[in-house]
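Chemist: With chain A's structure known, arrange chain B on it following the hints.
One line per chain: the protein sequences are A and B, in this order. With my numbering as the guide, the letters of the first sequence map in order to residues 24 to 212. With my numbering as the guide, the letters of the second sequence map in order to residues 456 to 1013.
These aren't lab readings, by the way, just hints derived from the structure by calculation. Check before you lean on any hint, since a few could be wrong.
[To be verified] Over the 12 angstroms line for every Cβ pair with chain A, so calculated as not near, a few chain B residues:
{"no.": "1", "residue": "Arg481"}
{"no.": "2", "residue": "Pro488"}
{"no.": "3", "residue": "Arg539"}
{"no.": "4", "residue": "Lys767"}
{"no.": "5", "residue": "Val770"}
{"no.": "6", "residue": "Arg774"}
{"no.": "7", "residue": "Pro792"}
{"no.": "8", "residue": "Tyr821"}
{"no.": "9", "residue": "Glu844"}
{"no.": "10", "residue": "Val854"}
{"no.": "11", "residue": "Arg945"}
{"no.": "12", "residue": "Leu965"}
[Claimed, not checked] Reference excerpt, derived from the structure (chain A facing chain B, CB under 7 angstroms, subset only):
{"no.": "13", "residue": "Arg58"}
{"no.": "14", "residue": "Val61"}
{"no.": "15", "residue": "Leu62"}
{"no.": "16", "residue": "Gln65"}
{"no.": "17", "residue": "Arg91"}
{"no.": "18", "residue": "Ser92"}
{"no.": "19", "residue": "Val194"}
{"no.": "20", "residue": "Leu200"}
{"no.": "21", "residue": "Thr201"}
{"no.": "22", "residue": "Leu202"}
{"no.": "23", "residue": "Cys203"}
{"no.": "24", "residue": "Cys210"}
Source: prediction; values computed, not measured. The beta-carbon is built from N, C-alpha and C at its ideal position, and this holds for glycine as well.
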Amino acid sequence: MRIRAALVGLLVATALLPGCANSRNAVVSCGLDERSLVLTAQAVPSATLVPCVAELPAGWSYAGADIRSGRARFWLDSDRGGFHAVEVELTPSCDTSDAVEVRPAPDEIGARVYAEPIALDPALWANRYVVFSGGCATYRYRFAAGAPSTLSLEAEEALGFFPRSALVQDVEERYGLTLCGAEAPPCDG
Amino acid sequence: MDGTIRPQRFPDPPPPAATTRGGFHRRPSGEPPPLPHELGRTGRFWLYLALAIVLLISYGPFRAAVEHWDAVQLRFLADHRGPRLTDGALLLNALTSRWTIRILRWGTIGTLVVFRRWRHLLVFLGAVVAVEVVAYQLTLAIGHARAFDVRILADWSGFAMPSRPLVSLAISLIGIAYALVVPGRPRYVAKWAIAIVLGVLCLVRMYLAVDHPSSAIAGAVVGVALGVTAFRWFAPNDAFPVAYRRGKTAHLDVGGRRGEAIVRAVRDQLGLAVLQIKPIGLEGSGGSTPLRLQVRGEDGPERYVFAKLYAKSHVRADRWYKAGRTILYGALEDETPFQTVRRFVEYEDYTLRLLEDYDLTTPKPYGVVEITPEREYMIVMEFFEHAVELGDAAVDERVIDEGLRLVREMWDAGLAHRDVKPANLMVQDGHLRLIDVFFVQVRPSPWRQAVDLANMMLVLALRSDAPTVYRLALRYFSEDEIAEAFAATRGVASPTQLRASLKRDGRDLLGEFRALAPAREPIKIQRWSLRRIALTIGVAIAAFVALGMVVSNWAVFA
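With the rest of the complex left out, here is chain A (with noise of 0.2 angstroms):
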């Protein structure tokens, strides 16, 4: 009866943790909250910033990252655009070669900004650069058929940066220690 209880236990456990997870740790969302942010940022410890989802617009969701050492990647799928409609992924470096360079947003002051198109028709598939210090943020633009354009503006807006030395400053104060990498003291090791 108590096996019994402990396995009912643990499914129960397993079956609800999940629902936090996705709620809250699995988004890799702008906020000093979001744990995918620290990890994002430990993925790439010499990017000075963090790609991030701001706000999503109506239509589009989030489906979902990976986070490696290395390269972190997550993607947003669209009602218009399509399942993984966008991908972003943070590397320490990106091959622009094949690319213009364009003016940066608002939120991309300091990084330079390449745009790649790749096809307009059926729909727009393209790549977008944004290189920083210690970083490259490439946004891969994969529309479905008939989806309009103008979609990549709303992704564009839903999409932002948060700097790394704000994710420092907060892991000092929350647990005492060093977020190893761009923008923090050398770590042990």
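Modeler: Frame of chain A; chain B shown alone:
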């Protein structure tokens, strides 16, 4: 682990319990059954430990303390880093790579397939998928960042708590220990080896700062706990022993704890002291584990009784067998699967008593013995001493006559045996005996009865010749009845053992009987029914869903 072929001796039966009355002992409420179905002490320990770790780490205030403790340990280890130590740690850390885990898992799957150990394979696959899902959800739920304060020296992926590489390695190694390593000393050694490997890798990953101490420990504990729980609960050793020997997997090991449980159960429930347990006739039986028990009753002489041990796995096997046969051939008759193992033994006990009432030459029933409630039961009956299986016995006209009369008597009583084959007919002192009455059906269809007759005639002809059997059959059956029997009997209507014996014999006995009997159109046995169509579609959908699940969880294995 070859308890199914070697007799198990019990020279000094354990003394009866204090509450014994006339040799019998009623199990009081709350007292464990002879062979309890349980996780065991270590299983419970791991399960509670995993649960405690998960709950404690999920609890906010405790988590902050754990994170602080983690940081202190990691800083200490980082202070002792050196180039050679780091190279060694990186090398050892390769044991937690996806490739290592992939090789371990596919190696285990391949070995289990080769040895046709389907139960272990199913539990292994289920445990791996379940553990991976649980670990992934826990990482998201807890959302523990990677190490602060120290430089991380190895590659990582996702949140840190629990360590997913260690979870994956732990469940894979535990799966190997429980599915491939034989119990006893080899498994004991394997468990210690796993403990050492996991311990070293925890240290290595902490040194590289790729895991926190708490996440490394949690990873190893969750993987071990869920693996041990899965195997002990769904593939317990007593029911699904790991052994590398020939034989049907349906047969249970009657050594060790089960052997002791049988002795205790027979003593308490039938008042008989078991002196020896010997598995017999395994090759002719796939649906149970047949045993010969040497027993001694109260003040009685030593004698033998026959017993059939049934487990839940036999019920499932019977259900799958009937479902498969329905899809392939259509429901041959009104066969309905049994839902519980208790029903299995209850039904066989009933048929034994029924046939005894009709004075047929079947074993006398002694009763049903409970080994593990709702999981394992044993039916005990008379043992025909010095009896020889018909396939090996001298068969004269008297034996043939008795066989044919037996079928006539069953027809007259409105019964069908449904499993007439050489292994179920014994010759004792020149007389025919019928055993294994599990498939007996009351008020069967005429087709079933006809098949019984044809199968009996074929079995008898195997030890004599078709004209003799046909001639003697005319004493009890009309020519039309015999013609009907051979028009009804084709392919799957005969038991597998009988078909194999006919093939080995080489004579076309079926053709000879058909030539002797009046001509009659074959009776169709392939029947389409709504149930057959629904079952076929259901199985196809289930297979499709299962395939989909394998594909969607492919990353776990590939």
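Chemist: What are the numbers of the hints that this structure violates, sorted from low to high?
Modeler: none
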